[in-house]
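Undergrad: Each chain, letter by letter, is given below.
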Amino acid sequence: MMRVYLDNAATTMVRQEVVDAMIPAFTTYYGNPSSLHEYAREAEQLLSAARADVAAVIGAKPEEIVFTGGGSESDNMALRGVVAANKKKGKHVITSAVEHHAVLYTLQAMEREGLIDLTILPVDEYGIVSVESVANALRDDTVLVSIMFANNEVGSINPIAQIGKICREKGVLFHTDAVQATGHVPIDVGAMNIDLLSISAHKFHGPKGVGVLYIRKGVRVPSLIIGGGQERKRRAGTENVPGIVGLATALKIASEHMEENAKRVGALRDKLMKGIAERIPDVKLNGHPTMRLPNNVNYSIRYIEGESILLMLDINGIAASSGSACTSGSLDPSHVLLAMGLPHEIAHGSLRLTLSEFTTEEEIDYVLDLLPQIVQRLRDMSPLYPKH
Amino acid sequence: MMRVYLDNAATTMVRQEVVDAMIPAFTTYYGNPSSLHEYAREAEQLLSAARADVAAVIGAKPEEIVFTGGGSESDNMALRGVVAANKKKGKHVITSAVEHHAVLYTLQAMEREGLIDLTILPVDEYGIVSVESVANALRDDTVLVSIMFANNEVGSINPIAQIGKICREKGVLFHTDAVQATGHVPIDVGAMNIDLLSISAHKFHGPKGVGVLYIRKGVRVPSLIIGGGQERKRRAGTENVPGIVGLATALKIASEHMEENAKRVGALRDKLMKGIAERIPDVKLNGHPTMRLPNNVNYSIRYIEGESILLMLDINGIAASSGSACTSGSLDPSHVLLAMGLPHEIAHGSLRLTLSEFTTEEEIDYVLDLLPQIVQRLRDMSPLYPKH
Amino acid sequence: MYTEKVMDHFKNPRNVGEIENASGTGTVGNAKCGDIMQIFLDIDENEIIRDVKFKTFGCGAAVATSSMATEMIKGKSVNEALSITNAAVVEALEGLPPQKIHCSVLAEEAVKAAIEDYIKKRDAAK
Amino acid sequence: MYTEKVMDHFKNPRNVGEIENASGTGTVGNAKCGDIMQIFLDIDENEIIRDVKFKTFGCGAAVATSSMATEMIKGKSVNEALSITNAAVVEALEGLPPQKIHCSVLAEEAVKAAIEDYIKKRDAAK
Ligand SMILES: Cc1ncc(COP(=O)(O)O)c(C=O)c1O
Ligand SMILES: Cc1ncc(COP(=O)(O)O)c(C=O)c1O
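Residue numbers (the working numbering), protein chains in the order written: chain A, 1 to 388; chain B, 1 to 388; chain C, 1 to 126; chain D, 1 to 126.
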């Protein structure tokens, strides 16, 4: 049986070049970068090179790059840190209804703890935050705006540069969760006026468990994890040198091939999107038709439920997703789709297919062949499916 | 030139078996364990097996194992979590003066934030916390005792089982930072009445950036990192499956060979310890002569300063440490040595040599040959060295 | 996540369909919560369930519990069928993940709703 | 962490030692802080530094700055030596890590202390 991996928004395969780059850091240059000897200097050199590479890709300075244990940690650190450092100015924070739980749940927890006043902006039918809604929500005591770069479920891309511009004009710090965007679409923290930005390596063929928080020079963000003085005292813990080398290698490769990948993957994505629309009646594309990540397809398929579609696909070797990976297996329909105004029963029937540069046309053809049969079979079993 | 790595308390080489175990998780079983398909189940199986392996080594149940981003995160999570969950009972916390900064600085920060009342227990001349001092410090409002299993600088091992017993009798939660002990000396969270225990993989030939917090069933520890529901909602973020597999593989191997390693490494350690004492006058062993980690040698070498010893060793291919890795390069002498009562000028001249199972007798001989010359050379340069 | 038995009933669900002029039908759940189960009974004059069919909108467990429940009551008397429990369905499926136990409850309720519908119709016809 | 120049002066420090009956000696720093520098001057009747020696307890930078500072003042007049700055020592070493700059300050102070000692002795002898 053919195996087709279309869950690249959940995580990606680590590419061979990345594994090859990491291995020496495991077995040869394994020193602790903080120590004072040749092994340490070797590790420190790998670390510095990785930092410079990452900085270059997003238009930052090396000293603005803090390596973390993943996207969730980066988000938590940014949110808690900025709020803690700006208590004197105020405690109002603005975010959107479609953020990843690493942002949304953290802010909601902080609200319950009395640390912040939270404004959660609605999104349009495509899951996009309007620049106007951000502008209108800004207050004198607003200390932080956190709006994701691209959505993990429906792939819609927010007007980040414009939001950044408004925040900068009002002197409010702007954080963006770019975990889904990094390595896939161009990012320039300077031109986009981004003050803090979260990255996670495993979304662009790097390793799991390592991420970045970009912190603009001059922005104060106390440590989330306290201890040793690593990362210029901003993130304690022995640096994950192999993981960081893997992250930087993966990001460098992704950014070098970004344009051609976006084109090739985008074309396959369009074929899949069009194919589904043509072959399956009663489906609805979720997310913006064009302002979306080049690798994301998300459809609601009426009358049937997401998990059973996934199981049928899985039986046929196809790995896909419904709602976000973190909450699958739960009963609640995606908060993203609900925020976009989808009724519950349609939100329950969503299917996310996310491609990578390793996806082949053959795989897309296989999915387009199978999916209509699977949908029909499940619809025939569904009490909601109108009789013909 | 011979290269000799004697900085294994700072970090260790990842052993080949561990790299071999991790690679499939990078490139083949790369699914997100939370997803719903074959790739996810493969990853989930690796995760479960690793969890069971780790649990077995320390006498825990699999569901009591939370994987984290390293030892510092585990410490931070344990301390902040227990204090947050036990606000109603009180806010008194007991720790010792020789803890790693991931514990000490975190607790001191929490004290400044008004979250806790902190008692920092002194240690004896060997760096060991007395059971009595813990017993005497316990109060009705004590919510947590955090005492490290073995010290990272001088290798001294605390009477953990007895401290655990007292805490259990008084109904006070007991956390131990076992980052240096795990994989090197036997640990049994049941017999030792440990409620929370921190582990870091890179201290026993596993990868950097991955750790464990053991949390006894029934002990409430809210998330430090909030977001997805991973690790039974206790640690958000896509699981670092390769890292976790690496951690478990390394720990299993270490525990299977613990006795024979302790014997062999212990014998080399004794040879090094004795050799230094015999060949170099005016040195002082730091840490307990017998109740110490089998791989730790720590001497104060009078009249000379630590960094210059390290540089001379490094020039000759030997990687060693002075004070803890995290604070080297700083001007302050080790807080551990000062807490043990060493005068500043002697604390400045400490040298830590930490062995591993890969250390050879030839390497020890090389060090014993070189070190006396290096010390003499530096002493001849020192205004403190008495003329003969 | 699912046992082989659950996957078997999901892949090859027994008794899918509808019965025209059923002796009793029951519908439980709602689309908002992501599960709807519909059970159709054909009951003979001896109150034996001659045939049973189901339609389900829901997850893998919803389909499998529907399929298993229909198998368990097929050929049984109405009274026997009324004593079906969700635990028995779970057991027959060799277990369900904790967050899916509610599906077995739904299956029990659907069977009971269909039988109640039959009893109501029967008593009304007397 | 250190430049090649620093490592060169650490590995092969110039002018290590003491001078018996020195024209001036200066000791700065203290063991508690981890650095002590001692400078010995041999100054001729034309106030030229004929010879200079040092002893240092301290880190690599402490040794290297002592060594470099002695090199810089050797053969110079007392007045020229008095104008030595820590920045000049750092520059001659092609840089020092920020947390080690204080070593260069110590070296400057040690030179000045030794010269002051010489001046005191000289003036007392007048
Ligand atoms: C005793 C002790 N605790 C905590 C840590 C922190 O572990 P990590 O560097 O993995 O965060 C270390 C080592 O650095 C340690 O030796
Ligand atoms: C938008 C977004 N933010 C944050 C995260 C969390 O990243 P990680 O799983 O690396 O902690 C993810 C993915 O899981 C994501 O898609």
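You may find that some hints are simply not true.
Claimed, not checked - Derived Cβ-Cβ restraints for the label pairs, each shown as a range:
# : chain 1 : residue 1 : chain 2 : residue 2 : range
1 : B       : Pro186    : A       : Arg264    : 33 to 41 Å
2 : A       : Leu338    : B       : Gly59     : 54 to 62 Å
3 : C       : Gly95     : A       : Ala52     : 48 to 56 Å
4 : B       : Glu278    : D       : Gly75     : 41 to 49 Å
Claimed, not checked - Here are the computed lysine to any residue pairs in the SDA-like style, where the Cα-Cα straight-line distance is at most 25 Å:
#  : chain 1 : residue 1 : chain 2 : residue 2
5  : D       : Lys11     : B       : Pro383
6  : D       : Lys121    : D       : Glu109
7  : D       : Lys32     : B       : Leu384
8  : C       : Lys11     : B       : Glu42
9  : B       : Lys87     : A       : Ala84
10 : D       : Lys32     : B       : Lys87
11 : D       : Lys53     : B       : Pro386
12 : B       : Lys284    : D       : Lys55
13 : B       : Lys89     : A       : Glu113
The hints are simulated quantities; they were obtained by calculation from the structure and are not laboratory data.
All residues carry an ideal CB built from backbone N, CA and C; glycine is no exception.
Undergrad: Can you confirm whether the C-alpha distance between lysine 121 of chain D and glutamate 109 of chain D stays at or below 25 Å?
TA: The given pair, whose Cα atoms are some 18 Å apart, holds under the 25 Å limit.
Undergrad: Check the hint pairing lysine 32 of chain D with lysine 87 of chain B against an upper bound of 25 Å on the C-alpha distance.
TA: 41 Å, violated
Undergrad: For a C-alpha distance cap of 25 Å, please report whether lysine 53 of chain D and proline 386 of chain B respect it.
TA: The given pair, whose Cα atoms are some 17 Å apart, holds under the 25 Å limit.
Undergrad: Quick check: does the Cβ-Cβ distance between glycine 95 of chain C and alanine 52 of chain A fall within 48 to 56 Å?
TA: Since the Cβ atoms of glycine 95 of chain C and alanine 52 of chain A sit about 53 Å apart, the hinted range of 48 to 56 Å holds.
Undergrad: Quick one, are lysine 87 of chain B and alanine 84 of chain A close enough, alpha carbons at most 25 Å?
TA: 21 Å, holds
Undergrad: Return holds or violated for the Cβ distance of glutamate 278 of chain B and glycine 75 of chain D against the range 41 to 49 Å.
TA: 45 Å, holds
Undergrad: Mind checking the hinted window 54 to 62 Å against the Cβ distance between leucine 338 of chain A and glycine 59 of chain B?
TA: Because 45 Å falls outside the window, the suggested range is violated.
Undergrad: Check whether the Cα positions of lysine 11 of chain C and glutamate 42 of chain B lie no farther apart than 25 Å.
TA: 21 Å, holds
Undergrad: For the pair we were handed, lysine 284 of chain B and lysine 55 of chain D, check the Cα-Cα distance against 25 Å.
TA: 23 Å, holds
Undergrad: Straight-line Cα separation of lysine 11 of chain D and proline 383 of chain B no greater than 25 Å?
TA: Distance ~18 Å between lysine 11 of chain D and proline 383 of chain B Cα, so the pair holds.
Undergrad: CA of lysine 89 of chain B to CA of glutamate 113 of chain A, is that 25 Å or under?
TA: 18 Å, holds
Undergrad: Keeping to a limit of 25 Å between CA atoms, is the pair of lysine 32 of chain D and leucine 384 of chain B held or broken?
TA: 12 Å, holds
When each numbered hint is compared with the structure, violations occur for hints 1, 2, 10.
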